[in-house]
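S.K.: Listed below, chain by chain, are the residues.
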Amino acid sequence: MLRIEELDLFYGDAQALDCVGLEVPEGAIVAIVGANGAGKTSLIRAVGGMLRPARGRILWRGRDIAGLPSHTVCNLGIGQVAEGRQVFPSLSVRENLLMGSMLPRARAGRAAMLERVLALFPRLAERAAQAAGTLSGGEQQMLAIGRCLMGQPELVMFDEPSLGLAPAMVQTVLAAVADLNREGLTCVLVEQNVAVSLRLASRAYVLENGRVTLSGTGVELLADDRVRQAYLGL
Amino acid sequence: MIATLLKATPPRARVLLALLLCVLLVAPAFADRYVVSVLVLVFWFAYVGQAWNVMMGFAGLLSLGHALYVGLGAYVSAALFVRLGIGPWAGLPVAILASVAVGAAVGWLGFRFRIEGVYFALLTIAFAEVARIGFDHLAWTGGAAGLFLPVSTGGGGAWWNLRGGPVFFYYLALALACIAFVLCAALRHSPLGYRWLAVREDPEAARALGVNVFRARMAAVLVSAALASVGGVFYAFYYNNLFPSQTFDVARSIEIILAPIVGGLGTLFGPILGAFILTPLGELLIALTEKAGLNAPGTKAVFYGLCLIVIITLAPNGVWPALKKRLGIPQEEA
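As you go down the protein sequences, you meet chains C and Z in turn. Take the first sequence: its position 232, counted from the start at 1, is 231 in numbering that gives the first Met the number 0, and no numbers get skipped. Take the second sequence: its position 170, counted from the start at 1, is 169 in numbering that gives the first Met the number 0, and no numbers get skipped.
Don't read these hints as lab results, they were simulated from the structure. For every residue, glycine included, the Cβ atom is placed at its ideal position computed from N, Cα and C. One thing to keep in mind: the hints can contain errors.
Said to hold, decoys possible - Derived DEER-like restraints, expressed as beta-carbon distance ranges:
1) G26/C with L307/Z: 53 to 63 Å
2) A314/Z with R51/C: 35 to 45 Å
3) A103/Z with G36/C: 35 to 45 Å
4) G83/C with L20/Z: 25 to 35 Å
5) Q129/C with L307/Z: 24 to 34 Å
Looking at chain Z on its own, in the form it has when it is part of the complex (with noise of 0.2 Å):
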């Protein structure tokens, strides 16, 4: 399967993948703790827009409740650890079973009655919406107040129990962002992504051929919230705390998104280039204000904001589409 993805890729593409891989494996030996946590950040919205991605970009689903699956996968993972004293390796399948579950019955509502469109959104909104009320007044996952993780346990710096330091998670969310690379594009190539993308293009004529269209939506809400779900593990145990009010937002889907809109929907390395344009400008930003001296707890959205104008003016179908004609590599491809 990799061989064959390795042989689609080309040269050129395959030099340049490698070198990029090359620089990130050793950056942690040379790049100070700031750039460090930067770069996590990068992987990490790269890996959720991956995930973001397989509904949108290959199936054609909009969703902007994307926080629910990795706010359940944070809130599960996380849970289990403090209240039960579950490691985050065992209970990360229970994290992608949870996503996976409720992303069952999001897709079966929407699907099974014919949710299109911006209303299939609206349902999405709903349920993050839903577990964000849910989860505030949860006392057993510490409602409002919010669910702390031990800094460190008996164990000291574990990896098992995914506690270490920033360059342990670096190097996780590095491996998490290249692991749902090597995925998406295997899937992109699979019989199912076919589907996904003739379905995208036009359920109707996908039907015509003999795409069970139910079957296709449906499946790419689960590997769309399982992927999400270990995304959020991560981030529980990377942060060691969780609020209802942050990690089911509104704002956090929509911040889920942006980098495969910015990078380029649908296509692989879309989500990857979008994360590395978006987070290290919105962190630069931050950190520009702040020195500044300014307390404006909006700049964020505002530049969020601006960039998704600038795209949709410069380059409507995102950055990594626009570059791949610049740079003459075929359009079939990646």
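Just chain C, with the same shape it has in the complex (with noise of 0.2 Å):
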């Protein structure tokens, strides 16, 4: 569904991405992991069309859409929940779901997405019109994973979901991206939390200093000794 060939990505002089590839099959739940600064949110942006890459193609169903503006990229169907949720604060939840819709691809069901979404995460039914800014973590993290659906998306970027969530907050979280995995919604993970990220995925890839030096299935990572060493502590 997704393949990425040979990207490199600068900022400035400094090299973000040098040579990445990896495949995301339909369906399926690809984790990424690295340490910070690795390179995992830059590829993310890449992809999702915020950063544009030096060289190197990025494939969607066949097409190649490397360098393509966000709002083309986003209409395609590549989704993303950025790093630290950025809900928009003084706007209502309501308004915050509406704006996801916003993309051409998903004007006809909006009400029908928003329905979706809310049975999904009633506790932004209870809270529809209250202010995005007055939510806790965990319910603007879930907001802006709702957000993101409204777009109607095929595959979805998940950049650190449980970053500074409570544990239990984060419990529900990671499992509401399994249930939509379930549902047939692809997704790239990138997680701080290795282990339950290695569990959930059907593929991971290890990103080091801009480069991918592992990849393989997420058990057989979770079983390699130079990723339990690096990313687990055991």
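Using the hints, build the complex out of the two chains.
M.R.: Here you go:
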């Protein structure tokens, strides 16, 4: 579904991605693991059209989308839930959700989708008229995910969805990702919670200094000594 | 569109709005000339305040040079009338076009090169200053000596040349303020309005959701410039004289943005409420100082400064949001 080939990305002179290649099959959860600054967020932003790669191809259903602007990429069905949630604080929960359905592809099914999202996250339904800035961290993360779903994406890239959340909330959010995947959503998951994300993922990649250094199924990586040492502390 | 807007307005607010409008419609029959002239100013500031609010309040773009668009509208329509005998109704589209073109240049420069926040505001000031100095030296529009409209043309006080008495301009200004209100309400609840809010709240998040940030910001500048331009045409034909040092002055730009700031940024009713609070008080103050025989040219500026300090300490979001909270009107509306 999504295939990245030999992707290079620079911030000025600093290279953030170096010949990165990976594959996301339809219906999968693909985990990307790596230390801070390894290039995980850069990769997501490059795929989302927020950053322009210097070289390489990003193939979406066979079509090269590298360098296309984000509003075009989003409308192709590639959504992202950015790190740090980024809800619109002074707008209501409902308005935040509606913002997600501004894409041409999502306009028609807006009402039905809103109902689905509110059913998925009942907490959001309870707080629909409340300003998003007054929600708890976990609720804001649900809102960010719900808002992304309002765009009716086929693939969603989650950037650290459990960052800074209470342990119980981490479970809820990651369970929601797993549920969405079971309903057919393809997911790219960047998680600092490496053990959980590898258990969820059918395929995983390890990024180090902008390079893919290891890849395999989630179970394989969980058993790999290097991963266990570097990311699981075992 | 308007029907759905009406439905979204709570009944209490609808009654209040209708009542206010009725009072204003019959006011000229009872009020004296002075009150009418103050109300014209109130409506005018409510109008241009709403125009500015589209950029700052909706899209989060701080313009400190809105006198530029107002002034261009004024100068283009007045010059066409005085020099070429083209009436204001025919001149209006030209005036709008001029302001929109300059707005497009400011917007393109700002957004193409990612000039954000305060730096964008500086850019808007720079453009207004260039216009002020430029018009100072433009002989065709009278230069620094000013451009004057004939008070009575051959046809007399004909409405199609915007030649009329105070009551005529009163209703014209009232109509402008009302049209801007309906237009802003419609825009605020349109897909474009939602995009503006998203960009205002968090441009990066908006981009991640597939909002074309450049286009949304550009649209805000163009709509705002076009509205401001119409306010300028009114200004030119109401006052009949234009001086670059007043029309394009930074002080004028500041005066334009006070009403929406005091009333409530980004709200629909805020700029109108702000104009109703500030303008009469400012005019009253001038009248009182004149009566007392004091000649203090800076009085109004000091007064506006004090108003801002009071607002920022007591109701930093503006009077209207604070009032809404008091009256129990849900925050999402208007």
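S.K.: Could you work out which of the previously given hints the structure breaks and list their numbers from low to high?
M.R.: Hint check: 4 fails alone, others pass.
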